[in-house]
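Chemist: Using the sequences and the hints, build the whole thing.
Chains as they are written, first to last, in this note's numbering: chain B, 1 to 91; chain D, 92 to 182; chain H, 183 to 273; chain E, 274 to 364.
Just so you know, the hints here were simulated from the structure itself, not pulled from any lab data. Glycine included, C-beta positions come from ideal geometry on N, C-alpha and C. Some hints could be false.
Said to hold, decoys possible - With a Cα cut of at most 20 angstroms, we get these calculated SDA-like pairs of lysine to any residue:
#1 D:Lys182 - D:Glu149
#2 D:Lys167 - D:Glu149
#3 B:Lys91 - B:Glu63
#4 B:Lys76 - B:Arg87
#5 E:Lys292 - H:Lys273
#6 E:Lys364 - D:Val176
#7 E:Lys283 - H:Asp216
#8 E:Lys282 - H:Lys273
#9 B:Lys6 - B:Glu63
#10 E:Lys283 - H:Ala219
#11 H:Lys201 - E:Arg287
#12 E:Lys279 - H:Asn214
#13 E:Lys292 - E:Thr323
#14 H:Lys273 - B:Thr50
#15 D:Lys100 - B:Lys76
#16 H:Lys201 - H:Ser189
#17 B:Lys19 - B:Glu63
#18 B:Lys91 - E:Glu331
#19 D:Lys167 - D:Ser93
Said to hold, decoys possible - Here chain H is said to cover these stretches of chain E; the calculated rule only asks that three of the stretch's residues, wherever they fall, bring their Cβ under 8 angstroms from a Cβ of chain H:
#20 281-291
#21 306-315
#22 323-333
#23 338-349
To be verified - Which residues of chain E face chain B? A few of them, derived with a C-beta cut under 10 angstroms, are:
#24 Tyr362
#25 Leu363
#26 Lys364
There are 4 protein chains.
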Amino acid sequence: MSHVMKSQKKLLTRIRRIKGQASALESALETNTDCIAVLQQVAAIRGAVTGLMAELMEEHMREHLGADNVSPEQRKEDMDQVITVIRSYLK
Amino acid sequence: MSHVMKSQKKLLTRIRRIKGQASALESALETNTDCIAVLQQVAAIRGAVTGLMAELMEEHMREHLGADNVSPEQRKEDMDQVITVIRSYLK
Amino acid sequence: MSHVMKSQKKLLTRIRRIKGQASALESALETNTDCIAVLQQVAAIRGAVTGLMAELMEEHMREHLGADNVSPEQRKEDMDQVITVIRSYLK
Amino acid sequence: MSHVMKSQKKLLTRIRRIKGQASALESALETNTDCIAVLQQVAAIRGAVTGLMAELMEEHMREHLGADNVSPEQRKEDMDQVITVIRSYLK
Chain B
1 MSHVMKSQKK
11 LLTRIRRIKG
21 QASALESALE
31 TNTDCIAVLQ
41 QVAAIRGAVT
51 GLMAELMEEH
61 MREHLGADNV
71 SPEQRKEDMD
81 QVITVIRSYL
91 K
Chain D
92 MSHVMKSQKK
102 LLTRIRRIKG
112 QASALESALE
122 TNTDCIAVLQ
132 QVAAIRGAVT
142 GLMAELMEEH
152 MREHLGADNV
162 SPEQRKEDMD
172 QVITVIRSYL
182 K
Chain H
183 MSHVMKSQKK
193 LLTRIRRIKG
203 QASALESALE
213 TNTDCIAVLQ
223 QVAAIRGAVT
233 GLMAELMEEH
243 MREHLGADNV
253 SPEQRKEDMD
263 QVITVIRSYL
273 K
Chain E
274 MSHVMKSQKK
284 LLTRIRRIKG
294 QASALESALE
304 TNTDCIAVLQ
314 QVAAIRGAVT
324 GLMAELMEEH
334 MREHLGADNV
344 SPEQRKEDMD
354 QVITVIRSYL
364 K
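Modeler: Here it is in structure tokens:
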């Protein structure tokens, strides 16, 4: 079972919370809410998405790069993929 | 009319796109999609949210700090609020 | 006197501290220091630079966008410049 | 030889460039240079430091997590350290 499946419940809770925040921001924009509150809401959504990113990255690395019984070729392929994603995150 | 109302349509389009991306990520997590694709999806959501942040910040600054006919007290209050939000964005 | 001159001492202290951190990282790289320590040092430098960015941005905004007695043209020009810098920071 | 030693020359070139940028910013602050130029200089330094971070992270991961002949205990220890650093970078 993949790491995504193992922690599916936890990850789905996070993404549904982000969807909820996005819906709340949508309503705020529809109803001309105080604009500083809107600026703070969007910052909160970014914080939640960054948290989900870190969670997914940790799990992915532990499963794919933490395994002992993989071939050198598989380890190299997994490493190349993770490095590409991390570099995009660090931009 | 506030800046949010003036550009409401554009802002709603952005937040609805973010909601769509979040729903797509939710489905990906439910269906055990390839985990590198999931990592890239969450990075795309963060990029979209950061873009919305920059858009909202620009409009807010142009309306509130760009006005010529506000009292010094109002300008100080608006400045304090914007500085607080920008500092939270730059963390 | 510009805002940079008014807070010159404070700003110079910050940039000299960053130079000191960079020199310490240079020595660490020359002497094959523990690589996790090196990774943490470079994160600390980025934190210090981000702090200096926020400090400079606040002062710049307060002086240029916080002034009451500027022409609409000057205010527009200052606003355009600040927005451009903020957008580059938020990338 | 550690990965830091293997790419020492490249890494030292990067950190010395960052030191040079910091010295240039120090001079700019001493000589009351145009403040928008100062804001852009500090953004350039942050970009250079982030680039060095990504470079160091990639090399560290390839050497420590990319090795095939390490004990499960060593791999777990290396993984824990890398995850801690990445989480601090993603904040």
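Chemist: Next, verify each hint and record whether it holds.
Modeler: Against the structure, the hints come out as follows:
Taking the CA atoms of D:Lys182 and D:Glu149, the gap is about 18 angstroms. The hint holds against a cut of 20 angstroms. The hinted pair formed by D:Lys167 and D:Glu149 meets the criterion: a straight-line CA distance of about 18 angstroms does not exceed 20 angstroms. For a cut-off of 20 angstroms, the pair hint linking B:Lys91 to B:Glu63 is broken: about 24 angstroms separates their Cα positions. Simply put, B:Lys76 and B:Arg87 have alpha-carbon atoms about 16 angstroms apart, close enough for the 20 angstroms limit, and the pair holds.
For the given pair, E:Lys292 sits about 23 angstroms from H:Lys273 by alpha-carbon distance, which is inconsistent with the 20 angstroms threshold. Of the supplied pair hints, the one linking E:Lys364 and D:Val176 holds, its CA atoms being roughly 17 angstroms apart against a limit of 20 angstroms. Restraint check for E:Lys283 and H:Asp216: the C-alpha separation of about 18 angstroms stays at or below 20 angstroms, so the hint holds. Proximity of E:Lys282 to H:Lys273 is assessed by CA-CA distance (about 30 angstroms); at most 20 angstroms being required, the pair is judged violated.
A threshold of 20 angstroms between alpha carbons decides the hint, and for B:Lys6 with B:Glu63 the separation of about 11 angstroms falls inside it, so the pair holds. With a CA separation close to 18 angstroms, the supplied pair E:Lys283 and H:Ala219 stays within the 20 angstroms bound. Among the hinted pairs, H:Lys201 with E:Arg287 is consistent with the structure: their alpha-carbon atoms are about 14 angstroms apart, no more than 20 angstroms. Between E:Lys279 and H:Asn214 the alpha-carbon distance is near 10 angstroms, which keeps this suggested pair within the 20 angstroms criterion.
Of the pairs offered as hints, the one joining E:Lys292 and E:Thr323 holds, with about 14 angstroms between alpha carbons and a cut-off of 20 angstroms not exceeded. Under the criterion of a C-alpha separation no larger than 20 angstroms, the hint pairing H:Lys273 with B:Thr50 is consistent with the structure, at around 14 angstroms. Between D:Lys100 and B:Lys76, the direct Cα distance comes to roughly 47 angstroms. Violation of the 20 angstroms bound is thereby established for this hinted pair. Of the pairs offered as hints, the one joining H:Lys201 and H:Ser189 holds, with about 18 angstroms between alpha carbons and a cut-off of 20 angstroms not exceeded.
Taken as a hint, the B:Lys19 and B:Glu63 pair is broken in the structure, with Cα atoms around 27 angstroms apart against an allowance of 20 angstroms. Proximity of B:Lys91 to E:Glu331 is assessed by CA-CA distance (about 14 angstroms); at most 20 angstroms being required, the pair is judged to hold. For a cut-off of 20 angstroms, the pair hint linking D:Lys167 to D:Ser93 stands: about 19 angstroms separates their Cα positions. Under the rule that three or more residues need a Cβ within less than 8 angstroms of chain H, the assignment of the segment 281-291 of chain E holds, with 6 such residues.
Chain H is given as covering the segment 306-315 of chain E, and this holds because 7 residues of the stretch bring a CB closer than 8 angstroms to a CB of that chain, at least three being needed. Only residues whose C-beta sits within less than 8 angstroms of a C-beta in chain H count toward coverage, and the segment 323-333 of chain E has 6 of them, enough to reach three; the restraint holds. With 0 residues having a Cβ less than 8 angstroms from any Cβ of chain H, the segment 338-349 of chain E misses the three-residue criterion, and the hint is violated. With 10 angstroms as the threshold, the beta carbon of E:Tyr362 comes within range of chain B, its nearest partner Cβ sitting at about 6 angstroms, so the hint holds.
Restraint check, E:Leu363 versus chain B: the minimum CB separation of about 5 angstroms is within 10 angstroms; hint holds. Given hint, E:Lys364 at the interface with chain B, holds; its Cβ is 7 angstroms from that chain's nearest Cβ, closer than 10 angstroms.
Consistency note: the structure conflicts with the earlier hints numbered 3, 5, 8, 15, 17 and 23.
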